[in-house]
Amino acid sequence: MSADRLSNMSKEVKPESVSLCPLGTTAAPEQELLCIFGTGDFGRSLGQRLLQTGYKIVYGSRRPHSCAPLPQGAQVTSHAAAAQSATLVFVCIHREHYDFLETLAPQLKGKVLVDVSNNLKKDLYPEANAEYLQRLIPGAHVVKAFNTLSAWGLQNGPSDASRQVYLCGNSAEAKQGVATVATKLGLTVLDRGSLSAARELEDFPLQLFPEWRLPLRLAIGLTAFFFFYVVMRDVVYTYVGQGKDISFRIMVSMANKVFPIVSLIMLSLCYLPGVIAAFLQLYRGTKYRRFPDWLDRWMLCRKQLGLLALSFAFLHVLYTLIIPIRHYVRFKIAASTIAKFKANQTLELDNTLAWRTDSYFSVGILGFGLYVLLGITSLPSVSNALSWREFSFIQSKLGYLTLFFCTFHTYLYGWNKFLSPSYYKWYTPPAYMLCLVVPTVVMVLKLLILLPCVDRSLTRIRRGWERTDPEDDSKNLLLT
Amino acid sequence: MSADRLSNMSKEVKPESVSLCPLGTTAAPEQELLCIFGTGDFGRSLGQRLLQTGYKIVYGSRRPHSCAPLPQGAQVTSHAAAAQSATLVFVCIHREHYDFLETLAPQLKGKVLVDVSNNLKKDLYPEANAEYLQRLIPGAHVVKAFNTLSAWGLQNGPSDASRQVYLCGNSAEAKQGVATVATKLGLTVLDRGSLSAARELEDFPLQLFPEWRLPLRLAIGLTAFFFFYVVMRDVVYTYVGQGKDISFRIMVSMANKVFPIVSLIMLSLCYLPGVIAAFLQLYRGTKYRRFPDWLDRWMLCRKQLGLLALSFAFLHVLYTLIIPIRHYVRFKIAASTIAKFKANQTLELDNTLAWRTDSYFSVGILGFGLYVLLGITSLPSVSNALSWREFSFIQSKLGYLTLFFCTFHTYLYGWNKFLSPSYYKWYTPPAYMLCLVVPTVVMVLKLLILLPCVDRSLTRIRRGWERTDPEDDSKNLLLT
Amino acid sequence: MSADRLSNMSKEVKPESVSLCPLGTTAAPEQELLCIFGTGDFGRSLGQRLLQTGYKIVYGSRRPHSCAPLPQGAQVTSHAAAAQSATLVFVCIHREHYDFLETLAPQLKGKVLVDVSNNLKKDLYPEANAEYLQRLIPGAHVVKAFNTLSAWGLQNGPSDASRQVYLCGNSAEAKQGVATVATKLGLTVLDRGSLSAARELEDFPLQLFPEWRLPLRLAIGLTAFFFFYVVMRDVVYTYVGQGKDISFRIMVSMANKVFPIVSLIMLSLCYLPGVIAAFLQLYRGTKYRRFPDWLDRWMLCRKQLGLLALSFAFLHVLYTLIIPIRHYVRFKIAASTIAKFKANQTLELDNTLAWRTDSYFSVGILGFGLYVLLGITSLPSVSNALSWREFSFIQSKLGYLTLFFCTFHTYLYGWNKFLSPSYYKWYTPPAYMLCLVVPTVVMVLKLLILLPCVDRSLTRIRRGWERTDPEDDSKNLLLT
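Chains as they are written, first to last, in the numbering used here: chain A, 1 to 480; chain B, 1001 to 1480; chain C, 2001 to 2480.
Next comes chain A alone, as it looks inside the complex (with noise of 0.2 Å):
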């Protein structure tokens, strides 16, 4: 990515390259002048947007007249007149070289000094950039912002997410000053109050799917455990009893057995939390008391739950369609073939037989498809363009729907399997019974929530009232 931002920014002066250098500046006469100190790659876009927005800018550069190329129509100068002449700075400088800043302590009194510096790495250092700078030069005020942008978003003009600009610092006026630039930028501007808040602001951009983590973790232990479950009940009891090698199943059937009862039991996760939630707001007769907190971890991170779910069910889905082209099942069906043939027997259609593998397949198929619906929905550009109640009607309503229909694929997966003893080896249910316990408790559940007499007391609860309150009226008034 590092060679990507280089690229722009040599895309950025070239001439040809229309969307990125201004075509001449406006001498219109009102024009604010802003000064950046640091010509790096985020400084010269920052400059160039600026110049784009209709602001003069000066750059400070330790050797003005040799730095790298810079955007058409901005100045440079030394740090100590850029300085002077602008009361605003962008100080776009890494943090190893502020010290130099104290230098020009006298030139930066008063000034609002923007601090966009990013870390490498989390508790890098023991106080945030921005309180640092501070300390440097007591004089100035410094407000942190800008930090969650690249260099790369502010060219290519503020996209959705980047359009957010969070900004700290302990001079109201200075951070109004800031505020204003970033709104000419087109940019949503969000106060985080004091420059207190500037550590949070540098870890922003280092997080690395904080919200990913914990079903990620929940998805390879379950994989794993699912795994030797399987390899143990099939590869090593066939080797044990019969002393028969059948690892090369490991590959893709076993890989096969896994990943749909994974992917069922983290879909069913997806929908618990919600039900065990209702249960709790009825059970406690109002929703205003908070939920324990791995309730609510939970809850939020149901997204991630689910699409990972998907994931492990598209992945089910292709070791499936490959089945007949491998070499052991083509073997298989030649041997049976033979076999048939030398029994000499009429082969007979079970008609019983067909129709349940079929609809086996026939209903997984369409819950596959409303799991691919769901997952399509989650996409942040499909689910902004939905009403909210679209977007409940889809994620929960037809979420159930799909829930159901995965489970009752797998039921008639297991179809008369559950009772023959003969498949209980060494006293182990085969790995999708365990994977059909969750989802058939959610279900079970769900369908007593969906009662009219509990639905209809949720509901009210939902809306604001409370049971057990003598003067309800007042809670009434909070709008769900």
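FYI, nobody ran anything at the bench for these hints, they're computed from the structure. Just so it is clear, CB atoms sit at the ideal spot from N, CA and C, and this is done for glycine as well. Please note that the accuracy of each hint is not assured.
Claimed, not checked - Far from chain B, some chain C residues (derived; all Cβ distances over 12 Å):
(1) T2053
(2) D2123
(3) A2172
(4) M2232
(5) F2259
(6) L2315
(7) A2334
(8) E2348
(9) R2389
(10) P2430
As the list claims (entries may be wrong) - Each computed PhoX-like pair below joins lysine-lysine, with the alpha-carbon atoms no more than 25 Å apart:
(11) K340/A x K2332/C
(12) K340/A x K2340/C
(13) K184/A x K1303/B
Said to hold, decoys possible - Covered by chain A, per the in silico footprint, the following chain C stretches (three or more residues, Cβ under 8 Å):
(14) 2042-2052
(15) 2183-2192
(16) 2351-2357
(17) 2360-2368
Please build the complex by placing chains B and C on the supplied structure of chain A, with the hints as guidance.
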């Protein structure tokens, strides 16, 4: 989903949740004070968001001292006191509890009341909530706004869709004031006129896929008809004729006949209205006369038609790919192999058949590939990134190519069956023949339009030219 | 699509269409009056949008009394009167009809003329429309703007992409005025400088996938070459050698050889430039020297390369999955089964073969799964939601993992064929061997870069450090 919102609220008040709780609020003098009635999810989220944007917030509550957790930095007082202190009051209360506001009429006189309420279903009340509020407090300037936003959307920053704020009211000044606040929140304001528009605004969040209804009904209708048709011709016919029960084929074989048929018909129905519109314009010799409503409605749901067609095609693909693992198919193949062997004939590969089936599959796959491409480009975020010319290129040029591939795929499937009478059971043609009618018509018409002469005059018409207009210069001035 | 716009226009003027027609407009005193020339699709949509935002609108038309339906609340008069009344005039007229504006020169003197026009194709006229307009009415201040928006986009509210408004003009004040209007419409303004930029702005909407050209050409070239190569080695060779016609295999078998090959090569070409760039930086010892243009261009189309590679992989998967339902394959299997039986040998499952084929499939599936994941995360709305670190993690780390899986998949396919000479027909290697070259090279180079020593110095360089620089402190100040 309600649980979802709850979880957010609880998340909101947790100190560790970076993205939500402000870490202290600016104490700038020029901060404006806004008042919020009601401390429910929405009221809290709104307040928090306003605090982050730099406003001062005072909540009005019946129980100022014992109400749900509120965002840091907000004050809470009685409704009366709160109303007094601010000129702009957000009423985040259920309509059922508006009545008590009447008592506050004196304090609310001349204030701007923002009604953000929604109802659980349409036409629950004779008049819109906002109009009801205005009637209760005639002295106040009621503005309907923000009701299309969700508490969730407010917390997580405005996303592309929820960035639109529709407002309406009778006082332009009041609306101006609310618009300013909305803009500061990074939202786009759309004035919908007088308060009489409130009803429509309140119906927005309640709509459930209005533009999908027609296509869905169509899809269901077609599916039902063809399913019946196919079952009659196959299952019933075989049963009556040979007394053989092949009902099990319903699950997969029949489904896999119906889905592609419906898919192809609906795909062609996406392109039929465009063609009709073109001919209508040619016939009228102008583009300035409105189309009949049915055509309008049809053209406005083309995207939905296409997406449904795609989903049916998707199911068709899955149903086709599981064919070889079906018990029935394996049985058939084994039987035929054994029969071949018994017959002891030397096997000869039919080259023509090989060519035909392979091209049949190949064309189908390419068609489906394009299908998927169309689907992807119709994702909001993708189509937004396309220039108008690019979008029309994909949706029309590639769209017709897809239609051609899929139709050709079906013709290859039919091959020589068209002529042999044995396929016309009970004098009815096979279903796939029926489904070929519409696409064939569409493509023939499209070819006509592409004829240079026709194309030329059509282009002229679409650029504003009119056939029999004395002073068509003036018309020509219209920009197409 | 033109029909599409038409439908919208007619929709617009239908009373029942909520989202479009304003239900009465505010009568606030401070409303500003804007003038629009031309009552075509664009003029009407623009006017309506402006009305909704709270402006007063007057249309200038040659036939004020008999022109197409206009948005409610707008007045219509003659061009002259309209021009007089407002200071800002939107010229929504085809360039061909500008000439008549010359007659309005006196009324338009000193006014701001906004040229929103586009042409049907590039370089249709010697000078840009806006420059032509300026030449016609030297007294007016022409500003080029809004031409990248569509009537459709204006009606349905600005979406993420169409939110950018590029404007250019010679008068800064005039541009400021237009910018204010644009901002009120919720659009982001980008000043592109003087009127000489008009041509570029007018070319924006006409571009047709400029960044896709190179990758597409490459894909087509590779496909053509390998198709020819495979056909020669298989069909022609067999025909010449054994006089057997297996041409039918072109449709599926050959296609399914070519697609995966092209896919793998293009995937590796996504990662090659990054590696080259790294080595170039290592060699130069700095990141501040621009890359050669060819490398820049290459790096800027990596995303497109990757998406094309994905689509080829997608086709490969489908072509693979239909194998077992092909007539030819079924014939082959039946034949071999019969042969086996005749030979009357006892069938023995080749465990190694089973292992190999299964792992071959398994690795392929996992690779494809990652492939799809990469594709999904490159959707605008998804990648926007990722932090910079998350995006680079997926696109580089997971990207290389994908490359590894797919390459390994191909090696497993080759297995022991690499050595047996029988596969080198006409002394040429099988196609899949050729396609292994690039990915292997890329991965070896990447491994070199990952060596601690190399990695360390590369990181230093990318943070701004330079090898042989006397005063590198100053350089160090640049923020990467």
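Hints, one by one, checked against the model:
A beta-carbon of chain B comes within 12 Å of the beta-carbon of T2053/C; the shortest separation is about 7 Å. Even its closest Cβ contact with chain B, about 15 Å, leaves D2123/C beyond 12 Å, as expected for a residue assigned away from the interface. Listed as outside the interface, A2172/C is consistent with that label: its C-beta sits roughly 24 Å from the nearest C-beta of chain B, beyond the 12 Å cut-off. Taking the minimum C-beta to C-beta distance to chain B, about 20 Å, the non-interface status of M2232/C holds against the 12 Å cut.
For F2259/C, the shortest C-beta to C-beta distance to chain B comes to about 10 Å, within the 12 Å cut-off, and the non-interface label is violated. The beta carbon of L2315/C sits about 6 Å from the closest Cβ of chain B, which is not more than 12 Å, so the claim that it is off the interface is violated. At the 12 Å boundary, the C-beta of A2334/C falls inside the reach of chain B, the nearest C-beta of that chain being 5 Å off. Against the 12 Å criterion, E2348/C stays outside the reach of chain B, whose nearest CB is about 20 Å from its own CB.
Separation of R2389/C from chain B is adequate, the least Cβ-Cβ distance of about 16 Å exceeding the 12 Å criterion. Taking the minimum C-beta to C-beta distance to chain B, about 21 Å, the non-interface status of P2430/C holds against the 12 Å cut. Simply put, K340/A and K2332/C have alpha-carbon atoms about 19 Å apart, close enough for the 25 Å limit, and the pair holds. Simply put, K340/A and K2340/C have alpha-carbon atoms about 14 Å apart, close enough for the 25 Å limit, and the pair holds.
For the hint linking K184/A to K1303/B, the alpha-carbon distance of about 36 Å lies beyond 25 Å, and the restraint is violated. Given a C-beta distance limit of less than 8 Å, the hint that chain A covers the segment 2042-2052 of chain C is violated, as 0 residues qualify and 3 are needed. For the segment 2183-2192 of chain C, the stated coverage by chain A holds: 5 residues have a C-beta nearer than 8 Å to a C-beta of that chain, and at least 3 were required. Residue count for the segment 2351-2357 of chain C with a Cβ under 8 Å from a Cβ of chain A: 5. That meets the three needed, and the coverage hint holds.
A count of 5 residues in the segment 2360-2368 of chain C with a Cβ less than 8 Å from any Cβ of chain A is obtained; the coverage claim is therefore met, three being the minimum.
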